[in-house]
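Given chain R, put chain E in place with the hints provided.
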Amino acid sequence: AQSVTQLGSHVSVSEGALVLLRCNYSSSVPPYLFWYVQYPNQGLQLLLKYTSAATLVKGINGFEAEFKKSETSFHLTKPSAHMSDAAEYFCAVLAGGGNKLTFGTGTQLKVEL
Amino acid sequence: NAGVTQTPKFRILKIGQSMTLQCTQDMNHNYMYWYRQDPGMGLKLIYYSVGAGITDKGEVPNGYNVSRSTTEDFPLRLELAAPSQTSVYFCASSYSGPLGETQYFGPGTRLLVL
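These protein sequences, in sequence, are chains R and E. Be aware that the first sequence starts at 794, since it is given in this note's numbering, and climbs by one per residue. Be aware that the second sequence starts at 7, since it is given in this note's numbering, and climbs by one per residue.
Derived by calculation from the structure, the hints in this document are not laboratory data. Quantities reported herein were computed from a predicted structural model and do not represent experimental measurements. You may find that some hints are simply not true.
[Said to hold, decoys possible] Take a look, some chain E residues computed to stay more than 12 Å from chain R by CB distance:
id: 1; residue: R17
id: 2; residue: L19
id: 3; residue: N71
[To be verified] Within a straight-line C-alpha distance of at most 27 Å, the following computed BS3-like cross-link-like pairs (lysine-lysine) qualify:
id: 4; chain 1: E; residue 1: K20; chain 2: E; residue 2: K63
id: 5; chain 1: R; residue 1: K903; chain 2: R; residue 2: K842
id: 6; chain 1: E; residue 1: K50; chain 2: E; residue 2: K15
id: 7; chain 1: E; residue 1: K50; chain 2: E; residue 2: K20
id: 8; chain 1: R; residue 1: K862; chain 2: R; residue 2: K842
id: 9; chain 1: E; residue 1: K63; chain 2: E; residue 2: K50
id: 10; chain 1: R; residue 1: K903; chain 2: E; residue 2: K15
id: 11; chain 1: R; residue 1: K851; chain 2: R; residue 2: K862
id: 12; chain 1: E; residue 1: K15; chain 2: E; residue 2: K63
id: 13; chain 1: R; residue 1: K861; chain 2: R; residue 2: K903
id: 14; chain 1: R; residue 1: K862; chain 2: E; residue 2: K50
id: 15; chain 1: R; residue 1: K842; chain 2: E; residue 2: K50
id: 16; chain 1: R; residue 1: K851; chain 2: R; residue 2: K903
id: 17; chain 1: R; residue 1: K861; chain 2: R; residue 2: K851
id: 18; chain 1: R; residue 1: K861; chain 2: E; residue 2: K50
id: 19; chain 1: R; residue 1: K842; chain 2: E; residue 2: K63
id: 20; chain 1: R; residue 1: K861; chain 2: R; residue 2: K842
id: 21; chain 1: R; residue 1: K903; chain 2: E; residue 2: K50
All C-beta atoms, glycine included, are put in the ideal place defined by N, C-alpha and C.
Just chain R, with the same shape it has in the complex:
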């Protein structure tokens, strides 16, 4: 079965600092991987996704993620954090027919002045 593990339930960075949110996957087939963001009291929205094309994926709001098969990782990065990036971030993997997803437990990003 496909699964993802997010390391670190809470991450705190200073404004302007690098953001690195970690996600490792387990999959018996080539994975399709996603990062979603959830702002307070809202639903989730897609940041970016990997669907077996380029291994470096660029998303919205300056985020990007690199698929590394050798490390079974799909970490999310942003060179310079902004206060508006404070949110919860979820990594997810395609989990079978019907485009079902299995989500990680989430990482809460806090951005400090």
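Quick look at chain E alone, frame taken from chain R:
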């Protein structure tokens, strides 16, 4: 387009009561999903549907029922509410295209069972 809409936004239920959470999408998506979100647990799939008249169980279906009579609507029914069903419920939909299509989420329904 309104996207995915959910009603109500918030509801308090007593143990043993029942209710229906409504979900509607106007994007003509064939696939629809219900998730629950609990603190520190991520999102868990309750039920999903790949088209009108077709539904299937997800990871945590016990205590819930769904129906899909139209492409637009995918209501979630709670029978005999229990405190363990206190959660935030999200409905989502996606295009039935190639693998990896984006899921679009509604704003959520916050449910408290006392």
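Results of checking the hints against the structure:
Every CB of chain R is more than 12 Å from the CB of E/R17 (nearest about 15 Å), matching its label as outside the interface. Non-interface status of E/L19 relative to chain R is upheld: no Cβ of that chain comes within 12 Å, the nearest being about 20 Å off. The claim that E/N71 is not at the interface with chain R holds, since no C-beta of that chain comes within 12 Å of its own (minimum 18 Å). Of the supplied pair hints, the one linking E/K20 and E/K63 holds, its CA atoms being roughly 25 Å apart against a limit of 27 Å.
The straight-line distance between the Cα atoms of R/K903 and R/K842 is roughly 23 Å, inside the 27 Å bound, and the hint therefore holds. Between the alpha carbons of E/K50 and E/K15 the distance comes to roughly 19 Å, so the proposed pair stays at or under 27 Å and holds. Straight-line distance between C-alpha atoms of E/K50 and E/K20 comes to about 23 Å, which keeps the hinted pair within the 27 Å bound. For the given pair, R/K862 sits about 15 Å from R/K842 by alpha-carbon distance, which is consistent with the 27 Å threshold.
Using a Cα cut-off of 27 Å, the hinted pair E/K63 and E/K50 holds, with the two alpha carbons roughly 11 Å apart. Between the alpha carbons of R/K903 and E/K15 the distance comes to roughly 26 Å, so the proposed pair stays at or under 27 Å and holds. Proximity of R/K851 to R/K862 is assessed by CA-CA distance (about 18 Å); at most 27 Å being required, the pair is judged to hold. Between the alpha carbons of E/K15 and E/K63 the distance comes to roughly 24 Å, so the proposed pair stays at or under 27 Å and holds.
A C-alpha spacing of about 26 Å is found between R/K861 and R/K903, which places the hinted pair at or below 27 Å, so the restraint holds. Only pairs whose Cα atoms come within 27 Å are accepted, and R/K862 paired with E/K50 is accepted, the gap being roughly 26 Å. Restraint check: the Cα-Cα separation between R/K842 and E/K50 comes to about 19 Å, which is no more than 27 Å; the hinted pair holds. The hinted pair formed by R/K851 and R/K903 meets the criterion: a straight-line CA distance of about 22 Å does not exceed 27 Å.
A threshold of 27 Å between alpha carbons decides the hint, and for R/K861 with R/K851 the separation of about 15 Å falls inside it, so the pair holds. About 26 Å separates the Cα atoms of R/K861 and E/K50, which keeps this hinted pair within 27 Å; it holds. For the hint pairing R/K842 with E/K63, the CA-to-CA distance comes to about 25 Å; that is within 27 Å, so the pair holds. Restraint check: the Cα-Cα separation between R/K861 and R/K842 comes to about 14 Å, which is no more than 27 Å; the hinted pair holds.
Straight-line distance between C-alpha atoms of R/K903 and E/K50 comes to about 24 Å, which keeps the hinted pair within the 27 Å bound.
In summary, this structure violates none of the numbered hints.
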